[in-house]
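**Q** Residues per chain are reported as follows:
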Amino acid sequence: MSSTLLEVRGIVKRFPGVLALDGVNFDLREGEVHTLLGENGAGKTTLMNIIFGLYRADEGEILFKGKRVHIRSPYHALQLGIGMVQQHFTLVPSFTVAENIALGTRDTPSRVAAKIRGISEEYGLEVDPHAKVWQLSVGERQRVEIIKLLYAGARVVILDEPTAVLTPQETEALFKAVRKMTSRGTGVIFISHKLNEVMEISSRVTVLRKGKVIGTLERGEFDQNKLARMMVGREVVMEIEREKARPGELVIKVEDVHARSDKGHIALNGISLEIRAGEILGIAGVAGNGQRELAEVITGLRRVESGKIEFLGKDLTNTSVIDRILAGIAYIPQDRKGIALSPNLSVAENLFLRRKEKKVWFNKREIFGHARRYIEEYKIKTPSPATAVKYLSGGNMQKVVIAREFSLDPRLIIAVHPTRGLDVASMEFVYRSLIKARDKGVAILLLAGELYEIFNLSDRVGVIYEGKIVGYTTPDPTPENIEKIGLMMAGVAV
Amino acid sequence: MEKRLDIPKWAGAVVPIISVVIALLIMGIVIYFYMYSKPSYLKRAVFGAFNEYRSIIYRIPEKSWDRFEKMLKAGRLKSAIAIPKGKLSSNVSSFAISRLEEVFRSTEESYKFVRDTSETVKSFPKEFKELQELYENIGYIIKAYSALNRTINNAKSIMNNECNDCDLKEGMDSFVENLSKVGALGDLISDAKSIDLSDVEGTLKGLEKIKLEFPKEVKKIFLEKMAKSVKTISHRCPISRSSWEDLLTDYKKNVDDAISSGFNPFLFEKASVILDNISVYYCFAPVVRIWNNSLEPLYDLHKKVSTVEQVYSQLSSASRSLQGVLKSLEKGRTFFVKDTVYSTARYVKNSYKRLELDAFTASVFSKRIKSLKSLYQELEDLYKGLGTPSEMKKNVERISSEVKQLSGKIEKEKNALSEDFLKTAEGYSKDAIDSFAKVQNELFQRGSIEADLSKYLGLLMDTYTYKLEEALRSGIGRLKLSMAYSQLKDVSKDLTMFLRNIADYCPSLSDKMKLSLDYETYVFDMEALRIHTSQQIVFDSDKTKMEMEEAFLKEKKITKEKYMEVLGKTLDGHLQRVGAILNDLESELRDLTKKFGQVSKVSWIAVGKAFKQLSTWPFIPSQGLPDTINYMTPLLFTGLGLILVFQMKLWNIGAEGQFYLGVMTALWLSLFVFDKHPSVAEVPVILFVGGLAGAAWAAIAGALKAFLNIDEIVSTLMLNYIAFHWMEYLVYGPWKAPTNFPETNEIPRQFFLPTFGTSRVHIGVIIAMSLTIIVYLLMRKTWWGFDLRAIGDNPNAARYSGIDIAKNVVLAMAVSGFFAGLGGATQILGFEHKLYHGYAPGYGYTGIIIAWLARLDPWATILVSFLFGGFLVGGDQIQLVLKLPKAVVVAIEGVILFSLIASEVLFKYRIRVVRK
Ligand SMILES: Nc1ncnc2c1ncn2[C@@H]1O[C@H](COP(=O)(O)OP(=O)(O)OP(=O)(O)O)[C@@H](O)[C@H]1O
Ligand SMILES: [Mg+2]
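For the protein sequence lines, the chains are C and D, in the order given. Under the working numbering, the first sequence has 304 at position 304, and the numbering climbs by one with no breaks. Under the working numbering, the second sequence has 862 at position 862, and the numbering climbs by one with no breaks.
These aren't lab readings, by the way, just hints derived from the structure by calculation. A portion of the hints provided could be inaccurate.
To be verified - Pairs of lysine-lysine residues, derived as DSSO-like cross-links and limited to a Cα-Cα distance of at most 27 Å, are as follows:
id : chain 1 : residue 1 : chain 2 : residue 2
1  : D       : Lys807    : D       : Lys886
2  : C       : Lys358    : D       : Lys649
3  : D       : Lys781    : C       : Lys390
4  : D       : Lys349    : D       : Lys367
5  : D       : Lys612    : D       : Lys886
6  : C       : Lys359    : D       : Lys649
7  : C       : Lys358    : D       : Lys807
8  : C       : Lys364    : D       : Lys781
9  : C       : Lys468    : C       : Lys308
Unchecked claim - Each pair of labels, with its calculated beta carbon distance range:
id : chain 1 : residue 1 : chain 2 : residue 2 : range
10 : D       : Tyr342    : C       : Arg303    : 38 to 46 Å
11 : C       : Glu221    : D       : Ile22     : 33 to 41 Å
12 : C       : Lys364    : D       : Ile22     : 34 to 42 Å
13 : D       : Ile605    : C       : Thr90     : 50 to 58 Å
14 : C       : Ala386    : D       : Leu777    : 49 to 57 Å
15 : D       : Ser343    : C       : Lys263    : 31 to 39 Å
To be verified - Partial chain C-side listing against chain D, Cβ under 10 Å, derived:
id : residue
16 : Ile322
17 : Asp323
18 : Gly338
19 : Ile339
20 : Ala340
21 : Leu345
22 : Asn350
23 : Phe352
24 : Lys358
25 : Asn363
It should be emphasised that the depicted structure is a prediction, and the values quoted were computed from it without experimental measurement. Glycine included, C-beta positions come from ideal geometry on N, C-alpha and C.
Turn these sequences into a full structure, and let the hints steer you where they fit.
**A** Written out as structure tokens, the structure reads:
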């Protein structure tokens, strides 16, 4: 057996009102991928933050290569050889890749650039050292973060939900790089809610629940169902049963809409679509083909340059956001921290950030009352409704957004990656809620990167390419259909 | 990932407390060093004076110096002087040093004053006492006289049954009381006492009689006393003929030089300074005035020279500005041409007006005046025909040639003027020099100045007597009496001033005033000695001192031995006194030095005093509390407005300007709109409109931010400057009150905010407190407040939630400005009541700090602004009690604020004790 790189013993961490970690033991060996699994708010990120020096444990100890260490800061961690790719990236947008990596080292960017090329080639992490970070896609940025760690010579690499933001192809490339790392003796700690990925990459899995370790399984001892059971304590149904849709009246009609992206490029190029009540339209497509702009145009956050949007027979083109909320359009955006939530406001206040009522007086007690109901209904893990939303775990933040948007009693829901970062149980819950809404006659526009989600939920599937719908198909997961979608996503009309 | 703060609740309070403690420590150290540096300064001042002392001693003629030194028991002085001066200064911070230098300079000045006045005024201690007495007596007489008149009027009213509650007794008492203070008017007093007040008619008669007697009696004593002092003064004025001569020579040389160099005004000025010196510095005023007739031509010449000089410079300006016009035209610029031609015309006009003003120049320069007038006319014509700048562009050629011509004419006028003058001046200066020679002759023929001096003093007395007589004769007399009075007062004022200077010069010496006075007498003695000896010895610079001395003695038929004996005795007397004084001074210095040894103790005591003042004075109702509340009120207004926008992360730096808008609006409404029939009912209107003005001012920056994304920090700051200068303009211009000071009239009384009882505290504080409730409700209890918070926390999320950011930015800014404006209006109605130049209390800027320290909580804002008000009052108080300069206090305040705000950082970290 290879030697142990890192070991933590009896870690306890308390936050006001929460016992986030309760005597956790965990170890990582050389050259292995050790997956950390657990429901939202189980304490995975917290544990990793402690190892990376962002938090101090209240109790317990950390051993690195058999020696006890006090990790004072991320910088210190990196010096020891522990690196982490966080859920939110820490790059300077206006710097180039090379400059970003040169930060904190003594090397000049030009020398760094040469080394980056070496690392890129070795690990198959493609990136242009001279590109500015703000120009890069999310996947590319993640690669930069990983290269940064490798550059610094990290022996322990922590990846906190790296695949949540990646396309399947990018995930594949990431896994290749991870295998390369492990083959060189680096230990990788991997966090994900996607069980198929866990099955594919892990050599060991540790399951956390409510801050406690439920168990650690060696490869061969686990399968998807077993893991899901360990995690939530019950069976999880991944395939949702649902009746055939019964489309009703026309809810939204988008007609030949043109709009520009933030950077001023044409993002929507004459897009048209229709969704009826009681129908889920899934839009597939490679990220960056106008999905976000489509959602924003319908919710009023982006100006329409030409074209028309009709909602329940009324022309809504270029009316204000609030008008559309009042009309009944709910929106679950992709970027929960940046757009959907006010991080310093409380959970309760965030639940009422978007609202339909137009009262003057703000009744705290009433709002907290409602908030408690939502917290229970959506199983949001929070010490209290008054907790600032930024202190919630990633998945729980997402639940706050979902709870709020459902509570708007909408006629149309635009959902972009609605289950991103959710554990399997919550994912199931969200799926059921969407189907239930559909059955009650809500029109749903599902904009997600993951095909299985679209197949799972949609009644119709449209494919978007360069700001236009190139075609529609059925949500049948047959190989022919998938191939057809693949062709359309590449811009080939079928 | 966020860094979590994870500290128990009570720890939150510990942090600011720690920082305040640190700040107070720093403050203590600052005060300590300041206090420490003070005595070291004093020490220096004393030594400075001491050195000066020595230099006076060195002025003693060499021959006497040996003896003098023996008297001084050499060596004692040296040890005192040898104490290093700068020993303490390295510990003193730079502001203290600058303060130090300031005081040092003032000491030096007061010292010089002492030295200079001692040569003249202080030489007559007894006489001045008499004079002082005299003038005090006149004060009593004026009072008595007016009491007499009052009583007579009252008696008359009683007889005519016009007055029921008129009291004769009070007037009589005051009459008698004041007269008895004078002392010598016993007859009048007994007359007055014998009057029976119950008989009104008899009283009136008696009083009329006294009134008739009064002038005669008063005159008698005054003339007597006056004659006496004048006589003594005339005998003692210490002057030497040689110095008089020197001055006159200097003067003559300056005048000659000035004339030969083409009337150089600078030299003339020097000459007139010398004239002044003659009259003031050397006690020659009387002489100069006696010879006024002969000196008249000289004075006259000065006056004329300065007139011509002024005209000359006016013409130079005119010529210069035309040159400027020419240059502009050459380059094709026509923009300022019109204005410049206009001002040129003014210059020319001023110059002939100036010449016309004075009869002499008007006659000498009549030709010049005429041609200047026509020149002016030409310029006017040119000006009128110029047209717009673009029209001028077409006629550049023509205009240029005209301007060139005119400028040539001006040059010619200038030259002609100086030629004309030189011609006259030569003749004239001959006259002046002649008369000057006459003065000199007269001086030496008379041989003695004393005679003239007593003549002058006689003259002075005549004037004085005349005024007095006239005053008394005219019955109403007050005015003339006062004139006589003030003449005397002027004389003895110097004495008082001198005494005060001594006291300021070194506080610890003030109880040793006698010593200082002795010292002054000594200075006088030494000076008199010097003059005395030089008068006798240094008479002719061609001969040696010895020869002169011998010649002198021969002339006086005194043997040398005898002379030396007399001189020695005189010197002995002086030197003994000097020795005694120096002994005293030395022990005084020793005392001081001992005290310097205790400086550190004394300084710590001062620090303790500062703490006590700062922490108690502002909060005690009978002491600083009213001031604290009055400081707090405007701070609360601005602070409240700011927390509202700060929680939106909208950095309104402009509360200052918004405050000014409130101030201006309130003044405008009170002084110019509602001034006809002011009534209390209009007060709320004024306050409200003041608030609206502030709101509008803030909304400008809000709109710029909301619609053009212009940074609000910059725009509000700029608006502050605009508001401030606007206000200054109003104070200096349209709103200026008819006083000498740039300020407005006071607003009508009806608009004053009521105060609590008789205190200074106005009800503005109540308004501000009730606003706090409103702000609290707005921020915490309305959806609007919620929206504002959402915008502040994450504008993207706010936009996504359908909140109209632009509208809310403008609105919130306006509300914030409303508070500041209301604060300004309240400050005017409640506290200032008028506006004066440089009104910049900085409440808007301080409001920023208040909002910050209150951590944007409305209730905390009340507390913080109250404490801050107390803090300011306490600062003022320290300044008063410890005599700290304002700069030190402000620096201390800055230190405390700085550490409070810096302590914010500590909130982000947890302090943990780790045991291993
Ligand atoms: N800074 C913090 N302050 C207060 N509570 C926190 C903080 N960080 C995490 N928590 C709480 O600790 C618990 C564990 O959170 P953590 O982020 O570790 O969960 P997670 O396992 O990463 O969940 P997810 O899968 O949703 O990312 C949660 O209940 C969360 O609310
Ligand atoms: Mg997490």
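**Q** Does each hint fit the structure? Answer for all of them.
**A** Hints, verified against the model:
For the hint pairing Lys807(D) with Lys886(D), the CA-to-CA distance comes to about 44 Å; that exceeds 27 Å, so the pair is violated. Distance hint between Lys358(C) and Lys649(D) is fulfilled; the C-alpha atoms sit about 24 Å from each other, no more than 27 Å. Distance hint between Lys781(D) and Lys390(C) is fulfilled; the C-alpha atoms sit about 23 Å from each other, no more than 27 Å. Using a Cα cut-off of 27 Å, the hinted pair Lys349(D) and Lys367(D) holds, with the two alpha carbons roughly 15 Å apart.
A C-alpha spacing of about 18 Å is found between Lys612(D) and Lys886(D), which places the hinted pair at or below 27 Å, so the restraint holds. Our distance criterion of 27 Å between C-alpha atoms is met by Lys359(C) and Lys649(D), whose separation comes to about 25 Å. Our distance criterion of 27 Å between C-alpha atoms is met by Lys358(C) and Lys807(D), whose separation comes to about 16 Å. Between Lys364(C) and Lys781(D) the CA atoms are separated by roughly 8 Å; this keeps the pair inside 27 Å, and the hint holds.
Distance restraint check for Lys468(C) and Lys308(C): the Cα-Cα separation of roughly 15 Å lies within the 27 Å cut-off, and the hinted pair is therefore satisfied. In this structure, Tyr342(D) and Arg303(C) break the distance hint of 38 to 46 Å, their C-beta atoms being roughly 56 Å apart. For Glu221(C) and Ile22(D), the Cβ-Cβ distance of about 60 Å falls outside the hinted range of 33 to 41 Å, so the restraint is violated. Our hint of 34 to 42 Å for Lys364(C) and Ile22(D) holds, since their Cβ atoms are close to 38 Å apart.
Ile605(D) and Thr90(C) have their C-beta atoms about 56 Å apart, which keeps the hinted 50 to 58 Å range intact. For Ala386(C) and Leu777(D), the hinted distance range of 49 to 57 Å is not satisfied, since their beta carbons lie about 20 Å from each other. Distance hint check: the CB atoms of Ser343(D) and Lys263(C) are about 58 Å apart, inconsistent with the given range 31 to 39 Å. The interface hint given for Ile322(C) is met, as the beta carbon of that residue sits about 3 Å from the closest beta carbon of chain D, less than 10 Å.
Nearest Cβ of chain D to the Cβ of Asp323(C): about 8 Å, under the 10 Å cut. The hint holds. Restraint check, Gly338(C) versus chain D: the minimum CB separation of about 6 Å is within 10 Å; hint holds. Taking 10 Å as the C-beta contact cut-off toward chain D, the hint placing Ile339(C) at the interface holds, the least distance being around 5 Å. Interface hint status for Ala340(C): upheld, as the beta-carbon distance to the closest one in chain D is roughly 6 Å, under 10 Å.
Hint status for Leu345(C) relative to chain D: holds, with the closest Cβ pair at about 6 Å, below 10 Å. A distance limit of 10 Å between C-beta atoms decides the matter here; for Asn350(C) the minimum to chain D is near 8 Å, and the interface restraint holds. Annotation: interface hint on Phe352(C) holds; nearest CB of chain D at approximately 8 Å, less than 10 Å. With a least beta-carbon distance of about 8 Å to chain D, the hint placing Lys358(C) at the interface is held under the 10 Å criterion.
Among the interface hints, the one on Asn363(C) holds; its C-beta lies about 8 Å from the nearest C-beta in chain D, closer than the 10 Å criterion.
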